[in-house]
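Asker: Chains as they are written, first to last, in this note's numbering: chain A, 1 to 341; chain B, 1 to 278.
The set of hints was computed from the structure by calculation and includes no laboratory data. All figures in this text were calculated on a predicted structure; none of them were measured in a lab. Treat the hints with caution; some may be incorrect.
Stated by the list, open to error - Here are the simulated DMTMM-like pairs of lysine to aspartate or glutamate, each with C-alpha atoms no more than 25 Å apart in a straight line:
hint, chain 1, residue 1, chain 2, residue 2
1, A, 136, A, 168
2, A, 58, A, 169
3, A, 58, A, 124
4, A, 274, B, 252
5, A, 274, B, 106
6, A, 68, A, 278
To be verified - Example chain A residues on the side facing chain B (calculated, C-beta under 8 Å, incomplete):
hint, residue
7, 2
8, 4
9, 15
10, 86
11, 307
Where is the CB? At the ideal position from N, CA and C, for every residue including glycine.
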Amino acid sequence: MTRSRLVVTGAAVVVSVGAMVALGALYLDPARAAVGPLPPQALSLPAGTRYVMGLDVKRFVASPLYTKYAAARAANRPQAFEELERKTGLNPERDLDQVYVAGSQAGVPGRSGDALVVVVGRFDRTNVAHAIETEKKGVTSKNVQGTIVYLFSEDRTGRASGATAFLDDNTLVMGTQASVEQTVIARAKGEAPLRSNPALLALLEGVRPGSTFWMVGDQTLLSNMPKAIPGPGGPGTSQSIELPALKSLTVTGDLDPQVSLDITGEAADEPAAKNLADVVRGFVALATLQANQKPELKQLASAISVTTEASRVHVAARVPYEVIDSLQPKRAATAPPPSAQ
Amino acid sequence: MSATPAALGADTRDQDRAVPFFRAARAVFDLSLEGMVWSRRSLLMILLLGLPAPLALLFRIFITRLPSRVSGFDFYGIVIAFYYVRNALPLAALFYATALIADEVEGKTITYLLTRPIQRVSVLAGKFAAYLVTTLALALPAVVLTFFLLTTIRGWSGIGSQVPDLFRDMGAVALTLVTYGAFFTLMGVLLRRPVIPGLLFLFVWELLANAPGYLPRFTITAYLRSLIHHRPPDEGMAEIFAQVLPTALCLEAVGAMIVVFLAGAAWIFSTREYVLDQ
Numbered sequence: 001m002t003r004s005r006l007v008v009t010g011a012a013v014v015v016s017v018g019a020m021v022a023l024g025a026l027y028l029d030p031a032r033a034a035v036g037p038l039p040p041q042a043l044s045l046p047a048g049t050r051y052v053m054g055l056d057v058k059r060f061v062a063s064p065l066y067t068k069y070a071a072a073r074a075a076n077r078p079q080a081f082e083e084l085e086r087k088t089g090l091n092p093e094r095d096l097d098q099v100y101v102a103g104s105q106a107g108v109p110g111r112s113g114d115a116l117v118v119v120v121g122r123f124d125r126t127n128v129a130h131a132i133e134t135e136k137k138g139v140t141s142k143n144v145q146g147t148i149v150y151l152f153s154e155d156r157t158g159r160a161s162g163a164t165a166f167l168d169d170n171t172l173v174m175g176t177q178a179s180v181e182q183t184v185i186a187r188a189k190g191e192a193p194l195r196s197n198p199a200l201l202a203l204l205e206g207v208r209p210g211s212t213f214w215m216v217g218d219q220t221l222l223s224n225m226p227k228a229i230p231g232p233g234g235p236g237t238s239q240s241i242e243l244p245a246l247k248s249l250t251v252t253g254d255l256d257p258q259v260s261l262d263i264t265g266e267a268a269d270e271p272a273a274k275n276l277a278d279v280v281r282g283f284v285a286l287a288t289l290q291a292n293q294k295p296e297l298k299q300l301a302s303a304i305s306v307t308t309e310a311s312r313v314h315v316a317a318r319v320p321y322e323v324i325d326s327l328q329p330k331r332a333a334t335a336p337p338p339s340a341q
Numbered sequence: 001m002s003a004t005p006a007a008l009g010a011d012t013r014d015q016d017r018a019v020p021f022f023r024a025a026r027a028v029f030d031l032s033l034e035g036m037v038w039s040r041r042s043l044l045m046i047l048l049l050g051l052p053a054p055l056a057l058l059f060r061i062f063i064t065r066l067p068s069r070v071s072g073f074d075f076y077g078i079v080i081a082f083y084y085v086r087n088a089l090p091l092a093a094l095f096y097a098t099a100l101i102a103d104e105v106e107g108k109t110i111t112y113l114l115t116r117p118i119q120r121v122s123v124l125a126g127k128f129a130a131y132l133v134t135t136l137a138l139a140l141p142a143v144v145l146t147f148f149l150l151t152t153i154r155g156w157s158g159i160g161s162q163v164p165d166l167f168r169d170m171g172a173v174a175l176t177l178v179t180y181g182a183f184f185t186l187m188g189v190l191l192r193r194p195v196i197p198g199l200l201f202l203f204v205w206e207l208l209a210n211a212p213g214y215l216p217r218f219t220i221t222a223y224l225r226s227l228i229h230h231r232p233p234d235e236g237m238a239e240i241f242a243q244v245l246p247t248a249l250c251l252e253a254v255g256a257m258i259v260v261f262l263a264g265a266a267w268i269f270s271t272r273e274y275v276l277d278q
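Next comes chain B alone, as it looks inside the complex (with noise of 0.2 Å):
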């Protein structure tokens, strides 16, 4: 007597056509999630986007026994336009996202995923899904719980007018994490040592922002800062040049640049052809 592979329970999926897409994606998703999320990088990255909470529990503290020049909202507005979005989530976009596929190649373990019956193009979103959850799952436990602290210092009055900003606040960070995700997923399929460019993206070439004209426009990071609308005077040159641009030409050139930078990275990691060193 014969059983049907239905009848045993088997996969009766046609194994000469690929993996759907979105089953594909979820099934790198859950294993890029585990691997990720309990790394030593994490370790890392909990340090460096949770720092602003127990540094706005001392300010909490010390406020009430030190001459306070800063309030606890503009302490909270540098946390989030100086901290966050300028500097600590591009970080964290860096370290995970190039890595996405660059640690793969590392580890010699992208032969695994590239011989499965799986678009390439799933594995990238799989694993950009899992890079976005995880940092995400970082970084707004740490925002809300620095905007309370910092808000509440003077009491719950008032706090009604401020919710909005944390609201948007939360919005900004997460377009954050995607836009410089997108961009160093594609730095990250692009070259093979991404990590010293993406710094010098990082470092040198965003501080274009602060120079004056039209320059801002070829940064990244000045539509992201535009968004956030409560950040304290800045110093130096972006002082003197400050620009904030209009909130629909942000939203617009933020949603371009991901589609653009994503639709780059899956194009080149579905054309390359990856050939490990023995």
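Just chain A, same shape as in the assembly (with noise of 0.2 Å):
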């Protein structure tokens, strides 16, 4: 073999023990979800769902933002999820792994509180079974195809107003009660609804798994945002910028070691993707020329970039901590005591 054979055969080999470290890893990934960032118990949820939305637990409170901000901050917050280990065993911070918060009615007016939440960690189920019956009066339960439901206040007619449900040691179902039996018949039958929703499957297909915060929608999620806001005489002028029409939202996010967000909207075409990304321009433009009283305006501006692909508009984000900081209220400077007259 000559020695360039040898150079190029060598390269082939690194690059071949590579593929296949990398092929391993996405095979035996335990991260790897079913759908996207979705676990195989999360495609029981309905076929009619709209939006989904997720949050990892364990990064969230591993990141910078929940130890240096939510920590510091919350002076209660120990209290209450004292409170909460103490009648359940469970501590968020500890136990809970994944929360997804699903819904199919958010633009329905009066119909908004259809959300199911589905939580995944580890659970002590008598703890916790005991503490939803006698936390609250009017807690009932039946059983749904072998699994209990716990019913909140439920009336004469069988309606209640809220309903929870482990789907299995593991993952907590909680919403109507209509979804969550819908949800908890699914998983006893071996159903998966969510697969029959092929809009809303390739959105999650889109979302990166072990991003520490993701939602996507469709239209439906987006039909309460504005559809106009005020142009720049101000609110009350006839002046006003009109907002495209998105049909589909991405969103995700990590907090470590900076927040980083990618938005990604579909708009109807590429003009009104054109003309929404124009939009978010000029606001960062805005806050860019507002940097000569608020120098960490600057900073802000320059963390996000804008960019159109086709009919899709993709917004990044990329925020240090410094900036966060920076853009913190200052607090008030201590008043010196008032000397003794």
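Two chains, two frames, a set of hints: combine them into the complex.
Answerer: Dropping the structure here:
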């Protein structure tokens, strides 16, 4: 073998070994989900789901945002968590892995309360069930396909204001009675109704597994957003900027080592996407103009970039914690003690 | 007693006909690979293309000691999108591909190639294949090492979600080398001194990729960088006007460019008369 072939063979070996390790990591990754970031048990969500949000509790709790701000600010937080832990044995910071929120009626007036919350973690089922049964009055239960569903404030007709149930030892589902029962039935039958929602599945596939928080939704989720915003003349003037309607929205974010946010919106067509991108760029430019008065805004503006790809608008933000610190309202200087007269 | 040529092990090929294309291209490939891998140019290119791997190692060592503002995966995105696809790979293509024929002309050895009973296109094909194998052998191991060094800083959990990006990036790196290689091969057979125009193309013309409207579509880099999906936010003009072209359009445009550039280079090389300075 010539020297050159030896070099080429060595390079091929390095690349092949790397590719095999990468494929192994892809296959063996314990965080590998069923669809996008969703675990298999979340596929029991109703087929009519229009939006899904997720939070990786482990990553969130370990992030500088939580350790620096949330833990420092909320003085009563440990007390609330201690009480929860005393009653149920559940410490959210330690025992929860993932929280998912899904819904189908976000944009329909009066039907905004159909959100379904799926919590994945390690629960002491006996303690949690006891706490559910004894914490509030009016909690009843019924057996749905072999699973106990707890109903809150059930009336004579059998309708309840809310419900909760364990899908399995590690999965707790909470929400409206209908959606919880639907999910429990689907899980008991081994069905995956969410797979019959190709539009939402396509959006979920686009979410990077491993994100600290994420959200996907179709136009239903966005129907409550304003259709126009005041123009440069301010509110009350005839000038206003029309916001193009979005067909879908995908948000992913991470909190370590800085706050990273990626928002992708699908507009109706390419001109609408460019229009929306221009609006966002306009706001970033306004923030830059304000930098004379607030220098920290310049850093914030330079941390945001807006791009378009056909009918998609992509907004990426990478905000270091130093910038967030600089945007925090400064504490008022401690007044000097009044001097004795 | 007379022996037949076959019995003596001699070449039984009809001497009046040219050597078949693939056989000739293979012979040129073998010859060129040996000269290309072991050259001073390759030493420089090893430094240029391998630099991200030691940088990633330093990043990995010092990220735990310094307040980190960029995650390992973001840094990897910067390395691929800004360092490799925008700068290092086009430079490597410029220095290798423009020299495929120019070096033979400069060294007055082109006569030895052109007087052989082989098609000129097979010479170009063999040399281009050698260029591609050499640059891929230098770039891809560095990409793989950089990926693992940067994405496993905080452990191996969650790496599975980033693996598809590695394979996509390896494809983008290969396409970058093929596209720029084809373009600079065309420049190499077209121009006598192609390096300065090549540098002007890379660092002046290609800046149009940051311009608004349809101007980025007149560059090569706009199509190639659009194939990288995890690149971090741009700055300056790119931040204001940045466009990500659709993947299908990028692949079509890049494929068309490769075919056009290579066909043009092959046609010019096949028909051009090389008169060497005495």
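Asker: Hint by hint, say whether it matches the structure.
Answerer: To see whether the hints hold, each was checked on the structure:
Taking the CA atoms of residue 136 of chain A and residue 168 of chain A, the gap is near 23 Å; set against the 25 Å cutoff, the hint holds. In summary, the hint linking residue 58 of chain A to residue 169 of chain A is supported, as the alpha carbons are separated by about 19 Å, within the 25 Å threshold. Taking the CA atoms of residue 58 of chain A and residue 124 of chain A, the gap is near 18 Å; set against the 25 Å cutoff, the hint holds. Taking the CA atoms of residue 274 of chain A and residue 252 of chain B, the gap is about 23 Å. The hint holds against a cut of 25 Å.
With a C-alpha separation of about 50 Å, the suggested pair residue 274 of chain A and residue 106 of chain B falls outside the 25 Å cut-off, and the hint is violated. Between residue 68 of chain A and residue 278 of chain A the alpha-carbon distance is near 35 Å, which puts this suggested pair outside the 25 Å criterion. For residue 2 of chain A, the interface hint holds, the least distance from its beta-carbon to any beta-carbon of chain B being 6 Å, beneath 8 Å. For residue 4 of chain A, the shortest C-beta to C-beta distance to chain B is roughly 4 Å, which falls under 8 Å, so the interface hint holds.
For residue 15 of chain A, the shortest C-beta to C-beta distance to chain B is roughly 5 Å, which falls under 8 Å, so the interface hint holds. The interface hint given for residue 86 of chain A is violated, since its Cβ lies 31 Å from the closest Cβ of chain B, which is over the 8 Å cut-off. Interface restraint check: residue 307 of chain A against chain B, minimum CB-CB distance 4 Å, threshold 8 Å, status holds.
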